[in-house]
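Those protein sequence lines, which keep their order, are chains A and B.
Under the numbering used here, residues 1 to 120 are what the first sequence spells out, in order.
Under the numbering used here, residues 1001 to 1114 are what the second sequence spells out, in order.
Each hint should be verified, as a subset may be incorrect.
In silico DSSO-like links for lysine-lysine, alpha-carbon gap of 30 angstroms or less [what the hints assert, rightly or not]: (1) B/K1042 to A/K55; (2) B/K1068 to B/K1005; (3) B/K1058 to A/K41; (4) B/K1068 to A/K55; (5) B/K1057 to B/K1068; (6) B/K1057 to B/K1071; (7) B/K1058 to A/K20.
Facing chain A, according to a computed beta carbon distance under 7 angstroms, are these residues of chain B, among others [to be verified]: (8) K1042; (9) G1043; (10) P1044; (11) I1048; (12) A1099; (13) F1104; (14) S1106; (15) G1107.
Hints listed in this document are in silico derivations from the structure and should not be mistaken for laboratory results.
Each residue gets a CB set at the ideal place from its N, CA and C atoms; glycine is no exception.
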Amino acid sequence: GAVVSQHPSRVICKSGTSVKIECRSLDFQATTMFWYRQFPKQSLMLMATSNEGSKATYEQGVEKDKFLINHASLTLSTLTVTSAHPEDSSFYICSALPGLAGGGLYNEQFFGPGTRLTVL
Amino acid sequence: QQQVKQSPQSLIVQKGGISIINCAYENTAFDYFPWYQQFPGKGPALLIAIRPDVSEKKEGRFTISFNKSAKQFSLHIMDSQPGDSATYFCAASGWSGSARQLTFGSGTQLTVLP
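Just chain A, with the same shape it has in the complex (with noise of 0.2 angstroms):
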């Protein structure tokens, strides 16, 4: 159990478009969802909290703008990079954590298996 699911688990673009990267909870409700971006050889760096029929919470220095999410239901939530650039190339990872919103009595984030993300 507690299986979650990342589509596409490859994309290239051009520079300038944009690109939605979808993340599930297979088998379980998660009112929140994280979204991840990790760079060659580096660790996990939170950029946003994604909490079900709410705003999502960015992390500083993470351009809400540019990073769009949506946590349209309990099982599902998107990121879209707008205007994607060469720099936004990266390894994008979602988790989902089960239970009550924020949490509750859950400690534990299941994730994804990554998408990467290359801007040509």
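The hints should help you fit chain B onto chain A, whose structure is shown.
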């Protein structure tokens, strides 16, 4: 400070040896400490986790040692195998506003030689 410091950055161990990765945290409000294993091109997967009221937790070949007073915790991999070669991240979980968040260490690239 919401930092988690992890060392070493890389580790090479012979097959059958013990791999030890160390982490230290600053925020005493952290209340859950997981370790993640990540293979190239994949998302991180939970390996083992511990709460601060326990000093040690063992699951198979993996053991977490936790020192609350020193604000340090470590991962021990016994009988290391080539298949354990991956990047390992320690993390600390705590509340940030209205949601629980994970703060990750910088990662340790483990190579187990056959």
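Evaluation of the provided hints:
Only pairs whose Cα atoms come within 30 angstroms are accepted, and B/K1042 paired with A/K55 is accepted, the gap being roughly 28 angstroms. Restraint check: the Cα-Cα separation between B/K1068 and B/K1005 comes to about 15 angstroms, which is no more than 30 angstroms; the hinted pair holds. Taking the CA atoms of B/K1058 and A/K41, the gap is about 28 angstroms. The hint holds against a cut of 30 angstroms. A C-alpha spacing of about 36 angstroms is found between B/K1068 and A/K55, which places the hinted pair above 30 angstroms, so the restraint is violated.
In summary, the hint linking B/K1057 to B/K1068 is supported, as the alpha carbons are separated by about 14 angstroms, within the 30 angstroms threshold. Pair hint B/K1057 plus B/K1071 holds up; C-alpha atoms about 16 angstroms apart against a cutoff of 30 angstroms. Between the alpha carbons of B/K1058 and A/K20 the distance comes to roughly 40 angstroms, so the proposed pair goes past 30 angstroms and is violated. The criterion of a C-beta within 7 angstroms of any C-beta in chain A is met by B/K1042, whose closest approach is roughly 6 angstroms, and the hint holds.
The closest approach between the C-beta of B/G1043 and any C-beta of chain A is roughly 4 angstroms, which is under the 7 angstroms cut-off, so the hint is satisfied. Below 7 angstroms, beta-carbon pairs count as interface contacts, and B/P1044 has one with chain A at about 5 angstroms; its hint therefore holds. At about 11 angstroms, the closest approach between the beta carbon of B/I1048 and any beta carbon in chain A exceeds 7 angstroms, and the interface hint on this residue is violated. Among the interface hints, the one on B/A1099 holds; its C-beta lies about 4 angstroms from the nearest C-beta in chain A, closer than the 7 angstroms criterion.
With 7 angstroms as the threshold, the beta carbon of B/F1104 comes within range of chain A, its nearest partner Cβ sitting at about 5 angstroms, so the hint holds. Hint status for B/S1106 relative to chain A: holds, with the closest Cβ pair at about 5 angstroms, below 7 angstroms. For B/G1107, the shortest C-beta to C-beta distance to chain A is roughly 5 angstroms, which falls under 7 angstroms, so the interface hint holds.
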